[in-house]
Amino acid sequence: MMKTPPLLIALLLGASAVSPAFTLDFVGYEGVEFTQSPLSIYIPGYGELVFETGLGSTLVVNSAYLNDNGFGAPALDFDQNEAVKITFAGLEPLNVDFDFVGVSSGESFVVQKDLFTPQAFLVTFQGGGDGAGLYAISWNAVPEPASATLGMIGAMMLVLRRRR
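First residue of the sequence shown? That's 1 in the numbering used here, and the numbers climb one at a time after it.
It is worth saying that the hints were derived from the structure and are not from the lab.
Among these hints, one or two may not hold up.
[To be verified] Pairwise CB distance ranges, derived in the manner of DEER restraints:
#  : residue 1 : residue 2 : range
1  : Gly128    : Gly70     : 35 to 43 Å
2  : Ile41     : Gly72     : 15 to 23 Å
3  : Val27     : Leu115    : 16 to 24 Å
4  : Leu94     : Gly31     : 29 to 37 Å
5  : Ala21     : Gly128    : 18 to 26 Å
6  : Gln36     : Leu94     : 51 to 59 Å
7  : Gly54     : Thr23     : 54 to 62 Å
8  : Asn69     : Ser138    : 14 to 22 Å
9  : Phe34     : Gly72     : 17 to 25 Å
10 : Leu55     : Ala21     : 13 to 21 Å
11 : Ser105    : Gln36     : 33 to 41 Å
12 : Gly54     : Val32     : 16 to 24 Å
Beta carbons: idealized from backbone N, C-alpha and C, even for Gly.
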């Protein structure tokens with residue numbers, strides 16, 4: 001029977017404290033109209049992302065928009081002055097990045113932290129063009145305190161191994 005070296009155990013414990021990265025794109029949802037609001041999408045390993053629209057709005061996924069380089073993919077459709085509140089219902093998100101497609105001259109997306117809901121962002125499309133789409137959302141999650149503790153234990157094991 002092979003014995004696992006303490007150094008390997010320490011590295012594995014330390015690696016568990018690294019914040020995982022997540023991406024939600026809308027591939028596989030093309031042509032879908034979500035009539036319920038709020039809409040929750042479960043992200044394995046993270047938890048839920050909750051999408052809320054304003055009154056009278058629906059969430060539609062289509063491939064109608066292309067960037068200048070010809071890139072286009074299924075995206076959450078935004079028309080003029082539409083807004084969606086996106087709440088991260090899992091661990092605290094870090095380095096949140098929203099990727100948009102089909103934004104023309106005179107159009108823009110405004111992304112703001114929601115002052116009233118922790119871990120939420122308001123995404124608003126402004127401009128008088130033909131609309132654009134939210135292609136993907138990427139973020140890192142702050143490790144749980146238990147993971148951070150395991151990381152510290154791993155680091156201590158490394159220090160103790162050095163002393164022997």
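Which constraints among the numbered hints does this structure fail? Numbers only, ascending.
1, 3, 5, 6, 7, 10
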